[in-house]
Amino acid sequence: MRKVLLVLLIVLFSTLMFSQTIKVLAWDDAHTQAWKALVEEFEKETGIEVELELIPSTSMLQKTSLNVTENKANYDLVAIDEGNVAKFGDLLVPYKDWPEGDVYPKVGTQDIPAAIFASAEWKGENVGIPINGNMYVWMTREDIVNNPEYKEEFRKQFGYELQVPKTLDQLMNMAIFLEPKGIFGFAPFTFNSEGATCEAVMFFESFGTSVMTMKDGQYEVTLDKEKALQAIMFYKDLLEYSPQGAMNMGHGARIAAFSDGLVFSMFQWPGIVPSHEDENESLVAGKIEYTAPPAGPDQRAAVRGCWILGVPKASDNKAAAAEFSYWLNNHDAGMKLADEGMTPVRTDLLQNEELMEESPWYAGMAEAGKYAVSRPNRTTHYPEYSEIIKNNWLAAVTGKVAPEKAVDTMVSELNKLLEKYE
Amino acid sequence: MNSIHSKRSLRPRKRGRPFLYFIIPAALTVGVILVFPIIYGFGLSFFNWPQVDDGTRAFIGFKNYLDLFQDSLFWRSLMLQLGFIFIAIPIQLVIGFFVAILFNNDFPASGLLRTLLLLPVFVLPVLSGLTWKLMLQPRYGVITYLLSQIGLEFPQGILSDKSLAYAAVIIQDIWRMWPFMFMILYAGISGISKDLIEAAEIDGASFYQKTFKIILPLLRGTIATAILLRTIDALRIFSEVFVMTKGGPGSDGTMLFSLYIHKQAFQFGKLGYASSMAVVLIVITLLFAFGLVRKNMDIDTA
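Top to bottom, those sequences are chains A and B.
Residue 38 in the numbering used here is what sits at position 38 of the first sequence, and the numbering runs on without skipping anything.
Residue 260 in the numbering used here is what sits at position 260 of the second sequence, and the numbering runs on without skipping anything.
Hints were generated in silico from the structure; no laboratory data involved.
It is possible that part of the hints are untrue.
Far from chain B, some chain A residues (derived; all Cβ distances over 10 Å) [to be verified]:
#1 N146
#2 G159
#3 Q170
#4 K215
#5 N248
#6 G341
#7 E353
Under the rule of at most 25 Å between Cα atoms (straight-line distance), these lysine-lysine pairs were calculated in the DSS-like manner [said to hold, decoys possible]:
#8 K162/B to K400/A
#9 K225/A to K400/A
#10 K420/A to K295/B
#11 K162/B to K236/A
#12 K63/A to K246/B
#13 K63/A to K123/A
#14 K405/A to K162/B
#15 K246/B to K400/A
#16 K225/A to K215/A
#17 K318/A to K44/A
#18 K123/A to K313/A
#19 K246/B to K236/A
#20 K72/A to K313/A
Glycine included, each C-beta is placed from N, C-alpha and C at the ideal position.
Okay, chain A solo, but in the shape it has when bound:
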């Protein structure tokens, strides 16, 4: 009896001594609920226990800032919104220093598109690993594109095939063509929030100019006035072919307009796309084609806003935390996680036919990933820069201020802020 007790004690002691537990902080939605559903599988495979704390995304910044500092890490792995990478970048272990995984291989740009991998970049090196492929996906109504009457009429009027718009000029032509038929060519994002900054960045980049560019670790305002004006004027013209309320349109109104079948083509964030494909919520479910955004005169630009996973420098369980990240980005686990609701970030998963059948927008995401562009958010004061971009962009496109004046004000206010902070 004594021997049995002794053996049990030894087993208990060694379990306590050698089993590892990592604490993970992440936002709470379908993606991370998928982690929760399958985390036991990871624990069995690796012997690492995971304490997963999921909280509303709006509380993530506050919670992370209180729990991850230079000397303290109450979590071994934290999810960080790309916009906050600058705030925590210095506190995270550079990805090149993450150890190789014992069970799951370390992932790299061979697995995840480089433009998406860059969402974890801080001061020239990656400080984490992207965990969801969150960037603009372009949605176009397939049933309209394939309507034989429309096709013929459009060819007669414009001399080329009605199709998923490959360029912004094509989008404009199609918007003009569809207007008399009661279909709006485009649905903008003009509500007073970060989405408007994303629109500005997408259109400026498509027209060949960046609001701010990082040079030698410092941001500079690089907005080309002429190109910026072209972008603004083009967007203003597009608003003429947008649904009622286009001057103050946010997610809710855009989702409703597209799902009601009123809109031909627009961008959407992947997290929202499933509602358009839900027959109970959308009249256009199964009628949407997903691609990268149409190209402007300069390039295609899909605004990116991924979450990354970072390991705090002060964590005591760096290797185990890295292992968990590799599991999340592993091909086989990714297949199962995708089934549970996680949007993958790996190219092979986004292009997997089985998954694409369930989630047809993955192909669009994989395509958009090639053209991902970031906002100028590699500074701790990004929200203030974004505010200036957003306010002046909205003032210009909604006609409250002359575009020339809005661009001048944007540039001068950004420069003032740069002087103040950088």
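Position chain B relative to chain A; hints supplied.
Quick look at chain B alone, frame taken from chain A:
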């Protein structure tokens, strides 16, 4: 002599102690929940205190306050906030007062109607904001539709125009909170002796005379209480405006004071600067409260 004196002086203290014990839990609760955050916030207002500790947290004296007074958006948000109070609350008061007078007379189903009228107060502010946003939606909003039926068209939506959005926010608040005024004033009017009113009627007083010469003077304290409570509430209005407009359209269309504080604290991460604004808000609230209490509640006349 000394010992007698000390025994006597001890007695009241002994009697007083049990009361103190009863107060302690409440005092502690108020201290932890209310007093400590105010003191902490006041202290924070003298610091540069970014939300994420990037090594720049430091004592900066009155700099936040000096910056505040040079911040044009601060003044704009303050003006919008005061405008909101001075427009919404008098209208709520007038509606609440006359409806209270109406309900002071018995008529069929008055009890049921009185209860139904209170419903908007029970609607959560955030739900009220979302509902109004929906009703004002340009394509399927019921208010937009009704307005279009009388020839008032807003193809771009009421909330996309600064002045209209500001008006909409105020109307939403009037709709939600006038029954609160009604509730308090009705209680006040019910407390006025019927004999007084009847005596006035026998003397041939008109409705105007009864209302403005008898009821209003007797309701002064009640009205002051109602205004005070509403003003305090209106000074911290946030969620309904946040969901309706997020402070827009544009950068400042409906950027009320509490929204601007929220923006500075949780969007820009400037907790010190936001705290200095919160201190200003507390001072304004106290000034309002002091003015109303002093003038209308006869507290200092003893």
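Hint check:
1. N146: holds, 27 Å
2. G159: holds, 33 Å
3. Q170: holds, 26 Å
4. K215: holds, 22 Å
5. N248: violated, 3 Å
6. G341: For G341/A, whose nearest Cβ neighbour in chain B is about 26 Å away, the distance exceeds 10 Å, so it holds.
7. E353: Its Cβ never comes within 10 Å of chain B, the nearest being 38 Å, so this holds.
8. K162/B to K400/A: holds, 10 Å
9. K225/A to K400/A: With a Cα-Cα distance of about 18 Å, the restraint between K225/A and K400/A holds, given a limit of 25 Å.
10. K420/A to K295/B: Violated. K420/A to K295/B sits at ~47 Å, over the 25 Å cutoff.
11. K162/B to K236/A: Cα-Cα ~19 Å, so holds.
12. K63/A to K246/B: Roughly 23 Å between the alpha carbons, so the hint for K63/A and K246/B holds.
13. K63/A to K123/A: Holds, at roughly 24 Å.
14. K405/A to K162/B: holds, 19 Å
15. K246/B to K400/A: holds, 18 Å
16. K225/A to K215/A: The hint holds at about 20 Å.
17. K318/A to K44/A: holds, 19 Å
18. K123/A to K313/A: The hint holds at about 16 Å.
19. K246/B to K236/A: Holds - the C-alpha atoms of K236/A and K246/B are around 23 Å apart, at most 25 Å.
20. K72/A to K313/A: Given that 25 Å is the threshold and the Cα spacing comes to 9 Å, the pair holds.
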